[in-house]
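In order, the protein sequence lines correspond to chains A and B.
Residue 1 is where the first sequence starts when you use the numbering used here, and the numbers rise one by one after that.
Residue 1001 is where the second sequence starts when you use the numbering used here, and the numbers rise one by one after that.
Hint data in this document are derived by calculation from the structure and do not stem from the laboratory.
Just so it is clear, the structure is predicted and the values come from calculations on it, not from any experiment.
Beta carbons are placed, not taken as given, at the ideal position from N, Cα and C, and that holds for glycine.
Among the clues, some could well be false.
Straight-line Cα separation of at most 30 Å, DSSO-like style, residue types lysine-lysine; simulated pairs [what the hints assert, rightly or not]:
id	chain 1	residue 1	chain 2	residue 2
1	B	Lys1474	B	Lys1383
2	B	Lys1469	A	Lys143
3	B	Lys1296	A	Lys88
4	B	Lys1111	B	Lys1383
5	B	Lys1383	A	Lys143
6	B	Lys1383	A	Lys88
Reference listing, derived: stretches of chain B covered by chain A, where coverage requires no fewer than 3 residues with Cβ under 8 Å from a Cβ of chain A [stated by the list, open to error]:
id	segment
7	1254 to 1266
8	1462 to 1471
Far from chain A, by Cβ distances over 12 Å, these chain B residues were calculated [claimed, not checked]:
id	residue
9	Ala1022
10	Asp1054
11	Leu1090
12	Pro1155
13	Ala1188
14	His1238
15	Val1291
16	Ala1298
17	Ser1337
18	Tyr1343
19	Glu1354
20	Gly1386
21	Val1390
22	Tyr1428
23	Leu1457
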Amino acid sequence: MSEAGLAGHNASPEAAYLELASVVKRFGVFTALAGVSLAVERGSLVTFLGPSGCGKTTLLRIIAGLETQDEGRLVQAGRDISRLPANKRDYGIVFQSYALFPNLTIFDNVAYGLVNRRAERDRIKARVAELLKLVGLPDAGAKYPGQLSGGQQQRIALARALATSPGLLLLDEPLSALDALERVRLRGEIRALQRRLGVTTIMVTHDQEEALSMADRVVVMNAGRIEQAGTPQEIYRQPASAFVADFVGKVNVISAIAEGVGHFRVGALVLDCGAEQQRVESGTKVKLYLRPEDVVIDGAAEGNVNATRGEVQKVEFLGAFCMLTMKLADAPEQPLVVNVSRHSLDEMRIAEGTSLRVGLPPDCLRLLN
Amino acid sequence: MASIPATVTAPASARPAADSEARLAQALLLAACAFLVAFLLAPLLLILIKSVQDKGGAFVGLAQFREYLQSPALIDSAINTVLVALAVTLITVPLAFAFAYALTRSAMPWKGLFRLIALTPILAPSMLAAISFIQWFGNQGALKGLMFGHSVYGPIGIIISAVYAIFPHALMIVLTALLLADGRLYEAATSLRTSTLRKFFTITLPAARYGLVSAAMVVFSYTVSDFGIPKVIGGNFHVLAIDIYQQVIGQQNFNRGAVVGLVLLLPVVLAFVVDWRMQGQQHAHFSSRAVPYVPKRAPAFDTAMFAYCTVVCIMMLAVLGMAVYTSFIKLWPYDLSFSLRHYVFGLIDGGVIESYFNSLKLGFLTALFGTLLIFGTAYLIEKTRGMGGVRALMRLLAAIPMAVPGMVLGLGYIFFFNAPANPLHFLYGTMTILVLSTIIHYYTSSHLTAVTALKSLDNEFEAVSASLKVPFYKTFARVTVPVCLPAILDIARYLFINSMVTLSAVIFLYSPDTKLASVAIVNLDEAGEIGPAAAMATLIVATSTLVCLAYALLTRVLLRRTQAWRG
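Turn these sequences into a full structure, and let the hints guide you.
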């Protein structure tokens, strides 16, 4: 009964909370967004990931009504917001710079949007206290923003944005002004809070780790277009384009020439790429992509169809793992980067000059355009 | 989400909602733009128009200019003006640089006091210097012998008076440039065993060169535009500012006045453009992470700098002191006994004191409305959205007053507001027009102060407010104004002090009812009443000093209350 009632309330429960259709934005001759379409599910956290200038912030500002798109439609909760000014839309926003009002106390900052709605005094007080508790700073009310650390200020900015219970939370690089430790901590807190409140959230970031670790869906953008939208796993494991493979995580780019069905020649080496990538005509120059951690070495390369030998040229110690740069005997022109754990390094006594058996798993080699 | 009551239920509507707030902001922006067009652009354009018309209003092309070029007296004035301005620039800038260098690069004592004394000329009308130098070096001057037979009336008097009056302006610009020095550069140079002299030429001078150019242009423009000094001490030596006055007031030849005005405008605009272009290149040279330079003790150097600053300050005090002294003695140089007669008989009994009260009124009105208008406009330009073209036009308009000599502005006002067809004609001869012209005259500096303060605010305050459904004017009142209060008070003080001393724009615009103190000084001096003229100048200095003290007190109290968050 109650479920039926709920379904009746939301005209179509499957419909996305926020829908963008062919959004175009130009600044003079520069096209910042070249027709972006996207659906954001209710209650999910979506990150816009991309290099600076890719249009991710512009897209967020268009959703917020801070910029106006030249073409395209935006629908939020079934309402066409395409031409609504910012103050008529339903969202809370947190900026990289916090943008807390420096001359107002933390209490007044959080209450800023509530006071304007003429809510009762006691209700405002209770609400601010609730929010401050929510972000883990229950006693900060009387302080000024300048007396708080960057991370604390960002929590207050979050509380202020959530105070009016917006249907949509927008985060514009909220963590990039913080130091590394605080960033990781706040990352977890924001995600936990977002899950608890179930508020639909869009976060802009240029930090892939942040995007992958926090998001339900990652939208990778480049040059005003969406390159790929998918779960973090999909983005990392099945990058849809060379740009995505290169931008998210590290990747070996292997220049090869197609040779028969699913086979590619690299120097004297012929790589088997499994069955799915057979369309390429023989003789075509292609690029193959392979994650450094997907390369198998030594015993693990036994029985690999793409096994060969290589010599370790450089060992870079990166803490949790080591990055080897290898020269393949069959393809000396094509350096290969391989990640191995510290333990493997010790066990196999790998050093510069060590010769190793390496295998390139066919199902991990990807041919991208 | 359950624990959080949803207070937001925006009505769903398929049609674009009207954004009354954005419309209000844009209407205000347009109103501000209309104000600048009416009170700045239109008067200036009319000068251009009048310069190609004859007295009857018929188009005569460049005939007026041809006539002008055939008049040797006017050509001489133009040459005189430029030569005097060059001389003042060549003297003032090195003096100010050495002074600023002493303040920033030596470890001498009393820096605060030296700085304070060096800035005192700002409080005085420029005529004060001229009066004082007449008393020192004039026909009956205390140190007449030092003139070796030359007369102080003429270029010499104009030059030394102008140097005194403009010194603090040049000092502040050069001081700012030298304060920007990056201590790390000096440390790097020291570690490379660079000599002091080489450091000066490779680090100090290059870093300060934009400031030096800027100071030179300000000094040059000021001297070219100033009317009070040549009026009082110029004698028969003619400069352009005097020519305009004579054409307009003496001969009622407004069109010829317009031509001279344009000739006067030329060097000032040139200086302005040079400065503008230099400033444009500057930004790349300074990093925001510069470490301030801390001077180390160097006994010989510090002593030399101390001696230099002492001499400069004594001379400055001597100028100010002589004017004050003149106002309190019976009759120079015959009866030097103390007397208040110049104040009582010269100012109060003669009714001249009315002009002092008019100046006070002008000062307060200009400070009040000017600050509101200039800060409000800067806010609209910098912080609201839409209408990019209007914004760009307004930025340009806001920069123009710096390049317009007061006399040219005043003349434009005559043309524009004295035209019977102008609906704003009713303003002519009122205090209102004096207030408006003074606001416009000192617009640029105030505008830049406001913009600098506004730019230091987070860009996203307005966006956050919009997301919280708080109208922009509420955030303006609750956040922008309180945070910018120091800059706002600074603008108010600047406008007040300048209103007290301004002469060049208002000389054409005052009516018998709105005569100002600075105008009274000129009239008194013309009538040979140098004692009362000095008394009036002293009153102005005293008033401005009081206002500065009140400002200091007010900012301290106000800031403690409203800027608690800064601590």
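Each hint tested on the structure:
no.	hint	result
1	B:Lys1474 to B:Lys1383	holds, 13 Å
2	B:Lys1469 to A:Lys143	holds, 24 Å
3	B:Lys1296 to A:Lys88	violated, 59 Å
4	B:Lys1111 to B:Lys1383	violated, 39 Å
5	B:Lys1383 to A:Lys143	holds, 27 Å
6	B:Lys1383 to A:Lys88	holds, 19 Å
7	1254 to 1266	violated (count 0)
8	1462 to 1471	holds (count 9)
9	Ala1022	violated, 6 Å
10	Asp1054	holds, 47 Å
11	Leu1090	holds, 45 Å
12	Pro1155	holds, 53 Å
13	Ala1188	holds, 28 Å
14	His1238	holds, 52 Å
15	Val1291	holds, 22 Å
16	Ala1298	holds, 38 Å
17	Ser1337	holds, 56 Å
18	Tyr1343	holds, 45 Å
19	Glu1354	holds, 43 Å
20	Gly1386	violated, 9 Å
21	Val1390	holds, 17 Å
22	Tyr1428	holds, 43 Å
23	Leu1457	violated, 9 Å
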